[in-house]
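Each chain, written out:
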Amino acid sequence: MSVIEVNKLTKYYGKARGIIDVSFKVEEGEIFGFIGPNGAGKSTTIRLLLSLIYPTSGSATLFGRDAIKYGPELRQDIGYLPSEVFYYERMKVIDLLKYSASFYKKDCTRRMHELAELMELDMNRRIEDLSYGNKKKVGIVQGLLHRPKLLFLDEPTSGLDPLMQRKFFHLIREENARGVTVFFSSHILGEVQRLCDRVGIIKEGRIIEISDIRSLQQNNYKKIHIAAKSLDVSSFDIAGVNKLERTNGGVRFFYKGNINTIMRKISEIDLSDVTIEEPTLEEIFMHYYE
Amino acid sequence: MSTNIYLHEFRTRLQSVIIWSLAVMAIIFVYFSLFPSFADQAALLNKMIANFPPDFLAAFGMNGVDMSTVMGFFSFVFLFVQICLAIQAANYGFGLVSIEESELTVDFLLSKPVTRAHILTSKLLAAFTSLTITNIVVWISSFVVISLFRSGREYEVRTLVLLLASIVIFQLFFLTVGVVVSLLVKRVRNVTPYAMALAFGSYVLSAFSAMLGDTLLEKITPFKHFDPNYIIRNGAYDRPLVAISIVIIVVSLLGSYWLYTRRDIPAVA
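So the protein lines, in turn, are chains A and B.
The first sequence begins at 1 in our numbering and counts up one residue at a time.
The second sequence begins at 1 in our numbering and counts up one residue at a time.
Certain hints may be false.
In silico DSSO-like links for lysine-lysine, alpha-carbon gap of 30 angstroms or less [claimed, not checked]:
#: 1; chain 1: A; residue 1: Lys135; chain 2: B; residue 2: Lys186
#: 2; chain 1: A; residue 1: Lys203; chain 2: B; residue 2: Lys186
#: 3; chain 1: A; residue 1: Lys15; chain 2: B; residue 2: Lys186
#: 4; chain 1: A; residue 1: Lys243; chain 2: A; residue 2: Lys265
#: 5; chain 1: A; residue 1: Lys69; chain 2: B; residue 2: Lys219
#: 6; chain 1: A; residue 1: Lys243; chain 2: A; residue 2: Lys203
#: 7; chain 1: A; residue 1: Lys8; chain 2: B; residue 2: Lys186
#: 8; chain 1: A; residue 1: Lys15; chain 2: A; residue 2: Lys25
#: 9; chain 1: B; residue 1: Lys186; chain 2: B; residue 2: Lys219
#: 10; chain 1: A; residue 1: Lys15; chain 2: A; residue 2: Lys203
#: 11; chain 1: A; residue 1: Lys25; chain 2: A; residue 2: Lys149
#: 12; chain 1: A; residue 1: Lys92; chain 2: A; residue 2: Lys135
#: 13; chain 1: A; residue 1: Lys256; chain 2: A; residue 2: Lys229
#: 14; chain 1: A; residue 1: Lys106; chain 2: A; residue 2: Lys69
Simulated DEER-style distance windows between Cβ atoms [stated by the list, open to error]:
#: 15; chain 1: A; residue 1: Thr280; chain 2: B; residue 2: Ile18; range: 55 to 63 angstroms
#: 16; chain 1: B; residue 1: Asp264; chain 2: A; residue 2: Tyr70; range: 16 to 24 angstroms
#: 17; chain 1: A; residue 1: Tyr70; chain 2: B; residue 2: Ile18; range: 40 to 48 angstroms
#: 18; chain 1: A; residue 1: Tyr70; chain 2: B; residue 2: Leu212; range: 32 to 40 angstroms
#: 19; chain 1: A; residue 1: Ser211; chain 2: B; residue 2: Asn190; range: 42 to 50 angstroms
#: 20; chain 1: A; residue 1: Tyr70; chain 2: B; residue 2: Arg239; range: 41 to 49 angstroms
#: 21; chain 1: A; residue 1: Gly179; chain 2: B; residue 2: Ile83; range: 55 to 63 angstroms
#: 22; chain 1: A; residue 1: Glu209; chain 2: B; residue 2: Ile19; range: 56 to 64 angstroms
#: 23; chain 1: B; residue 1: Ala26; chain 2: A; residue 2: Lys92; range: 30 to 38 angstroms
#: 24; chain 1: A; residue 1: Gly249; chain 2: B; residue 2: Arg187; range: 53 to 61 angstroms
#: 25; chain 1: B; residue 1: Ile18; chain 2: A; residue 2: Gly179; range: 47 to 55 angstroms
#: 26; chain 1: B; residue 1: Phe80; chain 2: A; residue 2: His113; range: 50 to 58 angstroms
In silico contact screen, one side only, chain B against chain A (beta carbon under 10 angstroms); selected entries [to be verified]:
#: 27; residue: Ser2
#: 28; residue: His118
#: 29; residue: Ala267
No wet-lab data here; the hints were simulated from the structure.
Backbone N, C-alpha and C fix where the C-beta goes; we use that ideal spot for every residue, glycine too.
With the sequences and hints as input, model every part of the structure.
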């Protein structure tokens, strides 16, 4: 059974586009990356799944049940960390977390303290006195304290310093190892690459690609850098070669196609050096947005 | 209803309730403490009032009122109390769901396992509890101040009770209308102007209708539905007008639930 199943979900804000015909599935125990630039519809999708907003058409199920109809029940098992965290400013951290915990049927006290300790969060301060990074930590703790089975993370790392980011990723991996399904939206590809099994790429409200990270990298472009003394750049101007550019003493390009064709071409040259790499997700991503 | 939301909401508003209650109490005490000196000069005062243009008197609810009687003078004080209560209730109404949206805490609340209807019910009950505290303070202050300063003059307790009993519906009117209007507009950025507009707007409508004798305008403003002057002169409510207040409250409530359970929560930025 898929934990998240989205079927032709469409949202218009009046005439403004939110998302159009978005369909995808996330399986149990998966970390699903959701990539796209700002305004592509990442938050809209998450907000629809949490029934913060209602779809224009289409449907979605979580744990096999309708996301809107059974929303309140389903949210017992859902944790949400929004991209921008805002809490009741005049409350103390501990009171906010207790308030958050009071919505769930189970006792969350122990987990709450564990998480706060892990994230080095001072619980006796008022929310209004916290820095942005510390507010984000409050967000992480309140999103996880009820041991959710499904996590929605909407650009979760902004505002966290690199050390905290590492801790946070470690935490997410731990949760995932216990069977928690994670929906991870981000425009930072590096972190998606580090964490996710599969990715969906969203552009201007539509899903343009869903695949697992490895095949996205492998079945796609190779990044080739050739260094040679005498080199005729135009000889690489063949089908499958992309973004050909001359570098200091060589050429660099992306290649997609039969790998033997390009290898034969390269072997004709008197090389001084060659590197063939998987492109980073960043580079693949740029390709989708050209 | 969710007890945790109710308590959270109630606590959030506690400071405001205390301030409003003290303010209303002060108004009642300060104004009514003037009664003995007014009453002593009753003949002079009533003569002076008679010299004012009738339109002016109508606007301040003073026509046909004998300021030398306890209830006559109290009705004049009560109008000010009503204005305060209207602003307070409208404030809570407009802020009930819109503050969470403008301060962006609504994502936190709505991503919890609770239905929107439960949220709205808990919030409404918490606000109503807060208003009731102020209401009780008005009751106590009124009885205390009258017993202290009536300078031996008699008054009809039944009329006073009737007057004070009108507060509940009066508050509910501004609370519920505030909520439904805040849900009809796309975003309430600042609650105060809306609350002021509704409260003073209603008052001015009532004042104008008193001046012009306009029967259409008085149908929609609770200041007219619960005109202290009318209640004291007749020892009864103007029942058809009170019914209008109640109908507006019910419609606003139903509308609020309908709108809130279907509302798209605006995102950050």
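Point to revise | Hints the structure fails to honour | key: 5, 18
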